[in-house]
Amino acid sequence: MNLIYAIDLFGTFVFAISGVLAAVEKKFDLVGAIVLGFVTAVGGGTLRDVLIGETPVGWMKDMNTIYAISAALPVCYFFKNRILNLRKSVFLFDTIGIGLFTVLGLQKTLGIGLSPVVAVMMGIVSATFGGVIRDVLSNEVPLIFRKEIYASACLVGAIVFLIMEYFSANKDLNLIAAILVVFIIRILAVRRDWALPFNP
Amino acid sequence: MNLIYAIDLFGTFVFAISGVLAAVEKKFDLVGAIVLGFVTAVGGGTLRDVLIGETPVGWMKDMNTIYAISAALPVCYFFKNRILNLRKSVFLFDTIGIGLFTVLGLQKTLGIGLSPVVAVMMGIVSATFGGVIRDVLSNEVPLIFRKEIYASACLVGAIVFLIMEYFSANKDLNLIAAILVVFIIRILAVRRDWALPFNP
Amino acid sequence: MNLIYAIDLFGTFVFAISGVLAAVEKKFDLVGAIVLGFVTAVGGGTLRDVLIGETPVGWMKDMNTIYAISAALPVCYFFKNRILNLRKSVFLFDTIGIGLFTVLGLQKTLGIGLSPVVAVMMGIVSATFGGVIRDVLSNEVPLIFRKEIYASACLVGAIVFLIMEYFSANKDLNLIAAILVVFIIRILAVRRDWALPFNP
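Residue numbers (the numbering used here), protein chains in the order written: chain G, 1 to 200; chain A, 1 to 200; chain V, 1 to 200.
Honestly, the hints are just simulated from the structure, not real lab data. Idealized CB from N, CA, C, for every residue including glycine. Treat the hints with caution; some may be incorrect.
[To be verified] Label-pair ranges, simulated between beta-carbon atoms: (1) V:Ala71 to A:Ile163: 47 to 57 Å; (2) G:Lys80 to A:Ser89: 32 to 42 Å; (3) V:Glu140 to G:Ile159: 33 to 43 Å; (4) A:Ala169 to V:Ile4: 42 to 52 Å.
One chain only, chain G, in its complex shape (with noise of 0.2 Å):
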């Protein structure tokens, strides 16, 4: 379907941005703001497809998706300001992006035979892991180790799809379902200033 596809590679540019913006904060140079901007953006996918040995990884074999990444390069550079000031935006479009990432390498998963259990974790890792090795990179303790709780978005996400996926064929109105819970939990956790802490 071309929409979700149309979905897919905004949200690589978005993540793509964010990356950069990373490397921005950092004082890196050219080389870092490319890196960053690839890995936060390609990352968890490419991890995903290591680990369940679909190679080599996707975003080889789709010079859209590394047009996208380029393309925050110069955007980045020219509209920085305007970016910062529309962050509630990419912000909402962001969640849509983690949604969609959850949801298309969880089917990825399970598309090569592995169980539904490991299926959602490939969905989460997908989705989180690309702002992992940016932090790592960037000399961090990662954010969704602290704070972010989007990985759990990910994954109530993850097993709203499966559910669905159980009780309805309509593939589409599934996937729809999926993005919005992650969607709703997310804006929830950020309003309301959710954590799950774990102090045994």
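Following the hints, position chains A and V against chain G.
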């Protein structure tokens, strides 16, 4: 052999506990605790599988491994203090797990036709790189680069195993001998504060 | 061609030395020195092989690479001061190695049918990510994200190689031209303190 599989699973569980406790110490949240537990437990074997091309990586095909790791979370939550008191026995068990992981990693690598030298290296990676990845994700310098000599204990154990394989057809005996060697070296190392400085 | 293989091995050896010396500077122990030497020398090519699906990764099938890396340890131990005095010539050689690694990585990627753009990227990864992994394991921000412009030198060298391949069938000539380009750019960059800031 069922005993080997049982030790393997229990070793995985102990490794996961050490990862979860590292996350607690770092004040990570639930997501951080899950990721660190998982990565510490299966990170070394996962890296080995990816490098030698045995994908999807091992734990994806064995739900018991996933259950053993998941069990570490409630156990740490409810029995944290008891675990810290039992630290010495946990440490003992940990060392048996390390020896076993080394030999299993070595055998898997030999099994796909790679050389004994590479097999020894992959055995050590299986046993030690879970901890390395845990430390990198926690933004720490890996412990085994500074103090812990257990990579060296694995090296000696792996070589003992290879030599015994050459002379004896009794796989169980060879395995037990290798595990014992790793165990004795590590106990001695901790007791006598052995170190392997490299100051040219 | 034997000369190419000899330069490849010697480049690997020089990279391993730089890794071992980084471990010495960080006061790592013997295990840390071995791991950093190894990772600096083959980390880039290993990452490339994993991403493009050429596993078991290259160095596992070539004992000479393992010997070249192992040799770095005693050499650093006994001749540390002499190496530091020779730093300038080592630096020169290092740069030849970087150019060669770029082209070899590019060729390997083209060889499995991936696009020239991906091949250029994998060439650069082959030459530079050993250092990135070394820095991550040492808990440092990767050097190439801040100062060193050698990723850019690799980029230009890789493009020159591709263009020459289009016009000339003389593989050796094309290789030498690409290596020369990387060499000249890097020397000029160091001499004139070139940088590639990215400050939107």
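Hints, one by one, checked against the model:
{"no.": "1", "hint": "V:Ala71 to A:Ile163: 47 to 57 Å", "in the structure": "violated, 25 Å"}
{"no.": "2", "hint": "G:Lys80 to A:Ser89: 32 to 42 Å", "in the structure": "violated, 56 Å"}
{"no.": "3", "hint": "V:Glu140 to G:Ile159: 33 to 43 Å", "in the structure": "holds, 39 Å"}
{"no.": "4", "hint": "A:Ala169 to V:Ile4: 42 to 52 Å", "in the structure": "holds, 44 Å"}
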